[in-house]
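First to last, the sequence lines map onto chains Y and P. Once you know that position 70 of the first sequence is 70 in our numbering, the rest is easy, because the numbers rise by one and skip nothing. Once you know that position 122 of the second sequence is 295 in our numbering, the rest is easy, because the numbers rise by one and skip nothing.
Simulated crosslink set (SDA-like; lysine to any residue; CA at most 25 Å straight-line):
no. : chain 1 : residue 1 : chain 2 : residue 2
1   : Y       : 126       : P       : 383
2   : Y       : 126       : Y       : 107
3   : Y       : 126       : P       : 361
4   : P       : 226       : Y       : 67
Residues of chain Y clear of chain P, computed beta-carbon distances all greater than 12 Å:
no. : residue
5   : 23
6   : 26
7   : 30
8   : 72
9   : 95
10  : 112
11  : 114
12  : 115
13  : 117
14  : 151
Bear in mind the hints are in silico, worked out from the structure with no lab data behind them. Where is the CB? At the ideal position from N, CA and C, for every residue including glycine.
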Amino acid sequence: MPSTLTTFGYPSLDELRSSPGYPARERAEKGPVAVIECVQEIPCNPCETACPRGAIRVGIPITNLPALDADKCTGCGVCIPKCPGLAIFALDMTYSATEAALSFPHEYLPLPRPGDVVVAVDRGGKAVCASRVLRVSDRPANDRTAVVTIAIPKEHADRVRGIARRSEGNDIG
Amino acid sequence: MTEFDVAVIGAGPAGLAASIEAARRGCRVLLMDSNLRPGGQLVKQIHKFFGSKEHRAGTRGIDIAVGLHREALEAGVVFWPDTSVYGVFPGGALGAVRGMLGGEPRGVVVRASTLILATGASENAVNFPGWTLPGVMGAGAAQTMINVERVLPGRKVLMVGSGNVGLIVSYQLMQAGADVEAVVEALPRVGGYGVHAAKISRAGVPILTSHTVLRAFGETEITGAEIARIDESWTPVPGTSRRVDADLICIAAGLRPYARLAMLAGCRMTYSSALGGWLPLHDRAMRTSVPGVYVAGDVGGVEEASTALEEGRIAGISASERLGMIGAADAARDREEAEARLSSLRMGPFGRPRYDAKEAIYEEGANACPRP
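Using the sequences and the accompanying hints, generate a full structural model.
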């Protein structure tokens with residue numbers, strides 16, 4: 001069936017919201033939570049064993065979509081670098097009165113540094129807003145997938161999913 | 174003349190797994206590969222793999238290759254790098270040349286009663302005006318250049334094809350410092366996994382479905398390409414063509430089984446469009462129509478590294494059975510475990526067509542491939 005994902009290469013919010021890995025808005029408002037953007041049945045399950053709280057379930061068959069138990073999830077982000085598809089994010093809508101914190105996998109060098117102001121982009125790579133880098137985690141356990149956390153205006157929390165690969169030369173949007 | 178129980182040709186995931194399983198069951202195994210390093214295409218797969226724990230999911234392909242090589246050496250497999258097998262002769266003799274890449278090339282004859290062909294696949298070409306100009310290459314070749322040779326073949330890239338190879342290589346070209354101007358896909362839908370497409374979409378790469386490349390521009394090397402929208406009959410839609418500046422056009426138009434040695438060995442061939450074209454007919458135990466000759470991995474139908482690994486395990490078990498290292502009941506039990514994992518990898522919208530195609534091959538092969 002044609003979908004935004006198969007036609008353009010990235011899922012629409014509607015596709016995501018009808019998948020079992022996307023947390024409900026009300027849950028996200030309460031505190032940090034994982035956002036799993038995996039909407040195609042592919043044989044893959046490292047996310048299931050990545051979660052120390054058992055909040056992600058794939059089960060059998062391995063092609064099941066990952067289901068998030070948002071009540072068990074604390075939004076710790078351990079699953080983010082474990083997803084081979086780089087399809088897991090973490091969102092904290094309680095970061096501040098006006099800003100949300102978004103964590104995402106990032107595999108481009110040079111890595112941004114905390115305090116950098118970078119261009120936040122949406123799922124199609126379009127520039128959305130300026131954002132501040134809060135944390136960059138590149139621990140050995142991440143196996144060379146850095147997890148970057150940025151602060152963004154809350155109204156863009158459903159839209160922003162990364163940062164421009166290089167801040168200069170980003171002329172999109 | 175060098176004698177072994179099992180000769181394995183191709184040290185990718187299938188050949189490595191086959192060698193490990195046969196050697197662990199007591200066979201004297203020789204593993205040969207034309208490259209200097211074992212791992213086949215794994216040596217350039219710098220991304221984390223899908224699958225389950227048994228398939229080392231979440232581990233990068235380059236690290237899987239290192240692990241398999243270590244396991245093979247520990248199991249007692251003899252590995253000959255830089256060895257090109259050119260002939261399969263009656264009576265189980267193989268002609269090979271060693272040292273084509275380094276040192277003095279010399280011919281050798283290897284004798285083995287059992288042969289496992291794990292020769293992989295080769296890239297399909299797409300022909301268009303200008304396709305022979307420098308700057309047009311297979312996506313796999315570009316991936317070798319950036320990830321193995323550390324050479325960036327271009328800075329502005331047009332990728333032709335949106336299967337997993339096209340999507341992954343686009344991502345890795347960006348990691349290597351290039352810009353990917355666009356991915357064009359003739360079909361009306363993205364071919365590869367959505368998560369791979371989403372990664373490059375986030376990086377701002379437009380994936381243009383129902384588009385094709387019409388020609389490459391340039392005199393001595395490419396300077397760009399003309400692309401256009403195409404309709405359902407793959408005809409360019411008038412007024413939609415435009416120029417894309419590029420110094421590299423990568424072709425990711427699928428792979429076909431690299432089955433020449435299988436043909437030389439006299440294996441009966443069969444055709445499967447879902448599996449990439451002509452391939453040696455085989456049964457569920459990876460036996461071909463020629464007694465003592467087995468296949469594993471992409472040569473028996475283009476799939477993925479994880480499926481190649483499982484097929485390799487099955488071929489190694491079957492070869493051990495033929496050589497009398499294990500009984501038929503043990504062999505059947507060991508194969509069943511791998512077969513169950515294989516089936517789980519062939520599910521979902523991407524796996525199911527391959528499952529059906531493979532089942533058809535097995536069914537055809539059941540009567541044509543003699544049991545020991």
